[in-house]
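Engineer: Each chain, letter by letter, is given below.
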Amino acid sequence: MATKTEDYLGKTDYKVVGTRPIRHDGTDKVTGRAIYGADVRMSGLLYGKVLRSPHAHARIKSIDVSKAEQHPGVKSIITVADLPLQEDRIAELGEGAANLTHLRANVLADDKVLYHGHAVAAVAATSLNAAEEALHLIDVDYEELEPVLDVRKAMESDAPLLIENQTTSSMGEDTGTKSNVSTHFQHKLGDAEAAFAAADIVVEREFDTATVHQGYIETHNATGHWSTDGTVTVWCSTQGSFTVREQVAQLLDLSVSRVKVVPTEIGGGFGGKIRVYLEPLAAVLSKKTGRPVQLVMTREEVLQATGPTAGSYIRCKMGAKKDGKLVAAEAYLAYESGGFPGAWAAPGSMCIFAPYDIENVTIDGYEVLVNKPQTMAYRAPGATNAAFASETVIDEICEKLGTDPLEFRLANSSKEGTRRADGPVFPRIGHEECLKAALNHPHYKSKLEGPNRGRGVASGFWFNVGLKSSAAASVNTDGTVSLVEGSTDIGGTRTSIAMQLAEVLGIPAEDVKPSVVDTDSVGYTDVTGGSRTTFATGWAAYEAAQDIQRQTIGRAAKLWEISEEDVTCEEGVYRSKSDPSKSMSFKELAGKLDDTGGPLVGRAAVDPAGVGGAFATMIVDVEIDEETGKIQILRATLCQDVGKAIHPSYVEGQMQGGVAQGIGWAINEEYFYNADGRLANGSLLDYRMPTALDLPLLETEIVEVPNPGHPYGVRGVGEVPIIPPPAAVANAVYQAIGTRMEVLPMSPARILEALWAKGNGKS
Amino acid sequence: MPVVWIPSLMRSLTDGKEQVPIEGETLRAVIEALESDFPGFKARVIDEDRIRPGLAVSINGEVTNEGLRQKVGPNDEVHFVAAISGG
Amino acid sequence: MARKTHVTTTINGEETQFLCEPRNTLLEVLRDDLDLTGSKEGCGNGNCGACSVILNGRVVDSCLVLAVETEGADVQTIEGVATPEGLHPLQQKFLEHAALQCGICTPGFIVAAKALLDREPNPSEERIRLWLAGNLCRCTGYDKIIRAVMDAAETMETA
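Chains as they are written, first to last, in my numbering: chain E, 1487 to 2249; chain F, 1454 to 1540; chain U, -15 to 143.
There may be inaccurate statements among the hints.
Derived pair list, reagent style DSSO-like, types lysine-lysine, alpha-carbon separation capped at 27 Å [what the hints assert, rightly or not]:
no.	chain 1	residue 1	chain 2	residue 2
1	E	LYS1933	E	LYS1886
2	F	LYS1470	E	LYS1954
3	E	LYS1674	F	LYS1470
4	E	LYS1954	E	LYS1933
5	E	LYS2063	E	LYS2073
6	F	LYS1495	E	LYS1664
7	F	LYS1495	E	LYS1674
8	E	LYS1808	E	LYS1931
9	E	LYS2044	E	LYS2063
10	E	LYS1901	E	LYS1933
11	E	LYS2244	E	LYS2116
12	E	LYS1773	E	LYS1553
13	E	LYS1674	E	LYS1808
14	E	LYS1547	E	LYS1598
15	U	LYS(-12)	E	LYS1746
Quick caveat, the hints were computed from the structure, so don't treat them as lab data.
I would like the entire structure built from these sequences, with the hints used as guidance.
Structural biologist: Here it is, written out as structure tokens:
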């Protein structure tokens, strides 16, 4: 269906959009009735477990499963030999491209293991206990290799190579040099070198950020059934049922129609539940045993072997004139991909200076293999690391200029027409509005006093994406509408999508019954990710409602025996233009469908342009405990341009959740690897995410600069709120103790070191 | 005439030119024209008659979903950018 | 396979009998043998609270309780919080405040918060935060959860 950027309705007097109805799936979720992936039960179910590498880097010389196969209860054991060989090619997998040999070798290791926890074999047994016992009986002969865990070391020419035939690709050109660097790219605007020479103030710093995990509370899971008719059904919690279908089909050499993915409720994703891990294993184990097989990861497996976000090394240099104008910027970003090539330095590079109008910019980005799990997206992937660097450097420039950090950002802000460093020009965006909201916020106007306290600010930008969505809606005779869609609901999107349909038809949100259905039951729909769901699937629902409305107008005409041209519809009331006595509500009309041609179904499939980028600005107050080095967050406020908040409560929820994760990234969260590359903190006790005690109430200021590319002005809200917190907290820490923090996380140990270095801590 | 912004790592192909005005009513035609002026250009951005995986083409700031069939207007700006997905 | 033990316990007010191996946790029995899948496993070692149940009046992580230990015990799970008449005020307030996003931690939070309100009808924000510090939520930043619990306490006091 054609969708154009001029579709923005420009209305403000909505009846449903902007209200806060109770979510449709709420009761099931507060009573424990909602079925998540690990809650799937079926007859004859076998339980699967995965054998994982104890080494960070090793060659697999042999795998002997003969003893394990004899263990009571064991039904099947598979290794990579049970997965069809793949061509060394890049395939579009519904959400980004992937090299199929890499995807296969990540699901089950091929000739080498590339990280601690890398899957080596999988067992299906009649009980979980039996499956676990069998793992100990599998004999793997490893030849240990030297691991490389640091991104800078991995880039050195004599570093151990993870993928031995890996060469560096440089904007489509293969350099031919064997390297752990899979990709180098560059953005160049103007002449940064000359501009730095002419700048009055230049600040340059180096930053390191740790590997962190999305930390969803539900672990990965999959239940697979390979029917004797050759079809495969997979139940799993995923951000994208269609990308799982695509990945499973590709990996198992099946056409997509032979794979059905049934998405269960999903217990959090944040970018981490897109790539398959267990789904192909469940399918193949089921094929071998003829019974359904379920695999559920432990928390340790999730931390060791799913896709955390990239750790990074970033060098950032910015230059300004005395009058406060940013004139030059330069960045070098090296991101850890983990064991297989990743793609997160790319968006990091595109975002790092995007909030500002700078004419001379050079950015170099590198994707680098290290012996850690293959990284995955995590809310605005790449951008948080990048903003930690640039927003800290900007803070220092403000300090040197003696300028208010928000006023400085406002004076240099990107706006409609600003050219980004990667080339394109911004359409209407709302960074200035976020900054103004922050400047006027009672938080910023309040006084912060007391020792070891400081206030920091920072901004962030994320693109958001559109991508493909489908929806179908059928009118029930009681005037409600059943809506089926394919976007798994991680944060209330059933409701935000249903509301967009309700608005068109002039019915309450409660009169829409949204369902998230399997891949055989709705048109193709991309992942719940990229902040796209309310934007794009909402748009599909809007279009499906338009489709219904075209038909209901026809039905009204038929009922009244007048022409369609004579019928108008406003806010769910149908009227005859020529005869004011003829009027009927949507509900009344729905009750008369049988007399006018029977069932009525609306549908839409969209691939919309008009994506609106998102900005957010954070204010944070911290207090440092001199004795422990702990950062206490005293107050936090996020001002975010959301375009239009369809359901403000869930918009606030995204903002608060992103801020909380960003704060965790800033002050605590970190993968600890031993020198031999083993993950030392694979539990939620030692991988320390924020608890209710660590955070204050999180203030949200919803800024609405409508996106002209969407009917209701939606931009997408899920990702950008995670970007500002690490930099804002670092800037606040500087105000509190006078040290610029260059390493994430700013853990108590690092804060204490900073205090001791200044001689003002208590040792 | 549409103007193609040349990615910095490909400017060795265009004698350092950052922007190249070039005839073409579709993205395919534009890329073919670039190829004839700057041999080697096409292989860097196209793979098996499609825009390379991981790469996206932005026309006036809007990422196209029509691939090489994308219409290009006389005043359009064409950029090759990284394909963004998100989390 | 180890020999199974017969256990008699009361779950959500109903006498319940089950067989379990000595190594099985209460959480495993609830989910896998009794089909009470409302209690969730987020970590398996007592760090996330998604499996919170009330055992003899105290909130516990059911992944840290061996099922054989519950002989003669009284267990309340999320499935027993609502009544046929309707939702518990905590459940209602979680919905009204949008205090859940993905919902996987929600049963644990509601059970833990109920255990608090059962004994302390009017807790402060700080008290609620301390009490719920053993329950991890990764979606909400806790703000709306804390507000929902405070509002539920107020509603129950005035009711």
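Engineer: All hints are to be evaluated individually against the structure, with a verdict given for each.
Structural biologist: Here is what the structure says about each hint:
no. : hint                   : verdict
1   : E/LYS1933 - E/LYS1886  : holds (22 Å)
2   : F/LYS1470 - E/LYS1954  : violated (36 Å)
3   : E/LYS1674 - F/LYS1470  : holds (12 Å)
4   : E/LYS1954 - E/LYS1933  : violated (47 Å)
5   : E/LYS2063 - E/LYS2073  : holds (20 Å)
6   : F/LYS1495 - E/LYS1664  : holds (24 Å)
7   : F/LYS1495 - E/LYS1674  : holds (21 Å)
8   : E/LYS1808 - E/LYS1931  : holds (26 Å)
9   : E/LYS2044 - E/LYS2063  : holds (15 Å)
10  : E/LYS1901 - E/LYS1933  : violated (30 Å)
11  : E/LYS2244 - E/LYS2116  : holds (17 Å)
12  : E/LYS1773 - E/LYS1553  : holds (22 Å)
13  : E/LYS1674 - E/LYS1808  : holds (24 Å)
14  : E/LYS1547 - E/LYS1598  : holds (9 Å)
15  : U/LYS(-12) - E/LYS1746 : violated (38 Å)
In summary, the structure is inconsistent with hints 2, 4, 10, 15 from the numbered list given earlier, while agreeing with the others.
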